[in-house]
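Novice: The primary structure of each chain is shown beneath.
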Amino acid sequence: NAGVTQTPKFQVLKTGQSMTLQCAQDMNHEYMSWYRQDPGMGLRLIHYSVGAGITDQGEVPNGYNVSRSTTEDFPLRLLSAAPSQTSVYFCASSYSGTATTDTQYFGPGTRLTVL
Amino acid sequence: AQKVTQAQTEISVVEKEDVTLDCVYETRDTTYYLFWYKQPPSGELVFLIRRNSFDEQNEISGRYSWNFQKSTSSFNFTITASQVVDSAVYFCALSEGYNAGNMLTFGGGTRLMVKP
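In order, the protein sequence lines correspond to chains Y and L.
Quick note: the first sequence uses the working numbering, first residue 1, plus one each step.
Quick note: the second sequence uses the working numbering, first residue 1001, plus one each step.
Check before you lean on any hint, since a few could be wrong.
Taking CB as the label site, the calculated pair distances span [what the hints assert, rightly or not]: (1) L:Asp-1018 <-> Y:Ala-82: 38 to 48 Å; (2) L:Met-1113 <-> Y:Arg-111: 18 to 28 Å; (3) L:Glu-1010 <-> Y:Pro-61: 22 to 32 Å; (4) L:Thr-1080 <-> Y:Asp-38: 29 to 39 Å.
Where chain Y lies over chain L, by a calculated footprint (3+ residues, C-beta under 8 Å) [to be verified]: (5) 1041-1051; (6) 1105-1116.
None of these hints come from the bench; they were simulated from the model.
Just so we're clear, the structure is a prediction, and the values are computed from it rather than from any experiment.
Glycine included, C-beta positions come from ideal geometry on N, C-alpha and C.
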């Protein structure tokens, strides 16, 4: 298993540009999430999905869009990039949302810079 | 709303010293879960431990130990006889409810530097 994969690893955008951060997992996990990591603030939840066709907002959803058409993929779209979106983005997945036994697996991250 | 505070932003120790990373949390739920993750310089996030709100037993895993105290809303992490390979950023995290394991609230992280 490749686990959770993210592409690209690095990206530089200009303000106003759009792009999609890709996330895929091959573990047949139902639950997937996107977080952003900023210095001193830990990771903050952007959007999450509990299965194909079902998504919901997390703590910091503004400026981001998601969809989940397949179990494997959970792309994150920036419609009009802003410098405040400069961050490291992590995708995570888990088999279920059961916190008792299930563990979230994180991807390697995408480092995004918006000029 | 839930909140996790890691007051120590950076700790520096010499190899073989013991070190404790503090984590204080806030939640209104009676059912919640606490986690610790390690982020080494390579950047990935590594799961270390999970603890539920009904289990206050301390846990030990090799050189790592965790102390959960509901009375003080703390879930502290101790590394005994630290090693250079322990250098990393450590995150404490919280999820509320039984089915919220994929919705974590993270603390700001503590950067641990272990010097030889």
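Novice: Confirm or reject each hint.
Specialist: Here is how each hint holds up against the structure:
The supplied range of 38 to 48 Å is met by L:Asp-1018 and Y:Ala-82, whose beta-carbon atoms lie about 44 Å from each other. Between L:Met-1113 and Y:Arg-111 the CB atoms are about 22 Å apart, so this pair conforms to the stated range of 18 to 28 Å. Roughly 30 Å separates the CB atoms of L:Glu-1010 and Y:Pro-61, a value that falls within the hinted 22 to 32 Å. At roughly 31 Å, the beta-carbon separation of L:Thr-1080 and Y:Asp-38 lies within the given 29 to 39 Å, and the hint holds.
Counting residues of the stretch 1041-1051 of chain L whose CB lies closer than 8 Å to any CB of chain Y gives 5, which reaches the minimum of 3, so the coverage claim holds. Counting residues of the stretch 1105-1116 of chain L whose C-beta sits closer than 8 Å to any C-beta of chain Y gives 5, which meets the bar of three, so the coverage hint holds.
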